[in-house]
Amino acid sequence: MLNRTLNISTSPHIVKGLGTDDIMQNVVWALLPVAIFAVYSFGISALMVLVATTAACVLTEHFLCRFSKKESTISDWSAAITGLLLGLTLPPNFPVWMAFVGGVIAIALGKFIFGGLGYNVFNPALVGRAVLQAAFPVAITTWYPAFLEGRFSAVSSSTFTVPFMEPTVDAITGATPLSAFKFDQVITPASDLALGLITGSTGETCALLILLGGIYLAARKMMNWRIPVAILATVYVLSGILHLIDTQAYPPPLFMLFSGGLMLGAVFMATDMVASPITPLGVVIYGFIIGLLVVVIRIWGGLPEGVMYAILLANAISPHIDNWIQPRVYGTSKTAKAS
Amino acid sequence: MSNPIQDKGNTGFWGSLKDSPSTDEFIKGLWRDNPVFVQVLGMCPTLAVSNTAINALAMGLATAFVLLMSNILVSSLRNFIPKQVRIASYILIIATFVTMTDYIIQAISIDLHKALGAFISLIVVNCLILSRAEAFASKNTIGKSVLDALGMGIGFTFALFCLGAVRELLGNGSLFGVPFFPDNFQEWIVMILPAGGFFTLAIWLIIFNATKAKKATT
Chain A
149 MLNRTLNIST
159 SPHIVKGLGT
169 DDIMQNVVWA
179 LLPVAIFAVY
189 SFGISALMVL
199 VATTAACVLT
209 EHFLCRFSKK
219 ESTISDWSAA
229 ITGLLLGLTL
239 PPNFPVWMAF
249 VGGVIAIALG
259 KFIFGGLGYN
269 VFNPALVGRA
279 VLQAAFPVAI
289 TTWYPAFLEG
299 RFSAVSSSTF
309 TVPFMEPTVD
319 AITGATPLSA
329 FKFDQVITPA
339 SDLALGLITG
349 STGETCALLI
359 LLGGIYLAAR
369 KMMNWRIPVA
379 ILATVYVLSG
389 ILHLIDTQAY
399 PPPLFMLFSG
409 GLMLGAVFMA
419 TDMVASPITP
429 LGVVIYGFII
439 GLLVVVIRIW
449 GGLPEGVMYA
459 ILLANAISPH
469 IDNWIQPRVY
479 GTSKTAKAS
Chain B
21 MSNPIQDKGN
31 TGFWGSLKDS
41 PSTDEFIKGL
51 WRDNPVFVQV
61 LGMCPTLAVS
71 NTAINALAMG
81 LATAFVLLMS
91 NILVSSLRNF
101 IPKQVRIASY
111 ILIIATFVTM
121 TDYIIQAISI
131 DLHKALGAFI
141 SLIVVNCLIL
151 SRAEAFASKN
161 TIGKSVLDAL
171 GMGIGFTFAL
181 FCLGAVRELL
191 GNGSLFGVPF
201 FPDNFQEWIV
211 MILPAGGFFT
221 LAIWLIIFNA
231 TKAKKATT
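Line by line, the protein sequences are chains A and B.
In my numbering, each residue carries its 1-based index in the first sequence increased by 148.
In my numbering, each residue carries its 1-based index in the second sequence increased by 20.
Some hints could be false.
Unchecked claim - Dumping the calculated DSS-like pairs for lysine-lysine here, alpha-carbon to alpha-carbon at most 25 Å:
#1 A:Lys164 <-> A:Lys330
#2 A:Lys217 <-> B:Lys159
#3 B:Lys232 <-> A:Lys218
#4 B:Lys103 <-> B:Lys159
#5 B:Lys103 <-> A:Lys217
#6 A:Lys218 <-> B:Lys234
Claimed, not checked - Covered stretches of chain A, going by a simulated chain B footprint (3 or more residues, C-beta under 8 Å):
#7 283 to 292
#8 308 to 316
Stated by the list, open to error - Label pairs and their in silico Cβ distance ranges:
#9 A:Gly165 <-> B:Asn204: 35 to 43 Å
#10 B:Cys64 <-> A:Ile389: 39 to 47 Å
#11 A:Glu297 <-> B:Phe218: 56 to 64 Å
#12 B:Pro214 <-> A:Thr168: 33 to 41 Å
In case anyone wonders, no lab produced these hints; they're calculated from the structure.
For glycine and all other residues, C-beta sits at the position ideal for the given N, C-alpha and C.
Start from the sequences and build out the full structure, keeping to the hints where you can.
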């Protein structure tokens, strides 16, 4: 029992706390397997998209800092993560110039306008993707099949589109499991989904690698594990209930869990430290709202995938969640307001 | 009662030009008190019909015309209208000219009339026009009111054109309907949607405020 208060150890006795850059670097390590698998399964087209978004984010952050006469904040890795995350949510055959525009918008509109890191209301990468989705709805829903032959020797025909020009239509396109379900009622087996043998955005295909990265971050206490657990549990339970009601109309819960961007969103985007609530109960409510919105949009919405909008909407109300469940200040009455 | 706008002092970009107060009445609407970029008035037409340069320009000119005529009439009737019913009277005056504008646009181009839709009639409730009537024309001479209306009207048209040009260029790849890019230009669909209006307005506001802040420091 003595060890709890008196820790006997050799020097050094003062340990450096975790800084922003330490956490951000670890997020990059956690994302790296996902990115490597993306390049492995989709070839150099995916690599081009990832490089374009990351470069766009880092450059934008650097120039905006210079422009506003602040010290450049690119060394804290947060801009690189935004870029990497944005790239992982885009289709692998996405034109590079559009990916670059998305990166610029993500940092300028999603982060810098609010005052930089620590002040952003929304997850910057998802802001970039939402604008891209609204601006280029066709390009962002044109999918490229995974494990094509020759994917390491040639890029897809739309990758190097001349800036501001329409991408050429790819000869080979694929359907994501979610769009296959939404429009053709085809259900992809869960094992394919977990291992990433499917078509989709560059980084969303291999659910297992994403989960591994999430477990690593959670084990190092660099991520609030309650958020992904709450989201995934909500989606599993809600879609499970729906599936029990009507097995034909609603997909099985495992399909819902492992398809689309849910894993990537739940593990790496909803857990954005700035845009999510801070109390333990708050993050559970936040996760429940995201899960609920994902199920509602996927099953009754017009789009096959709704993780992005679900997270952005939950980001918007996360300050309010913190307000609702504010703990009572000790010694005050229940009716008195804390503020 | 002195006019608060005149008391702002003669600092700023046009400072050297402003030796007479009359010039100032005209010039303040163009830049220093620009109705859209500084006063942020009349947001409804600004965001709704600025999706192409033509629409924006037509809307700006229609508003400027109504503003000019209503300022003249309000100013000339300023000692006649009782204080208690002044807002109702202003609205009546404005509505008269809006109806005229509506028919004039319909006569000139039915396509333009369709594109602008209900927003022509909605000039009646444009807060820019009412605010100029209430804050300026009802307290100043006809000459000054004309200068004020011209400045504000041109400033409003200019601002709408700034928005419309950017939105049409990115959303349609053209300017005034003339294609600006090769055929396979990729349209930024979001720019012709309402969201694009907000984005463009925000970017222009940033540019304006940044230039203003720079001038204030130097």
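* **Structure versus earlier hints, numbers of those that do not hold, lowest first** => 1, 2, 5, 9 and 11
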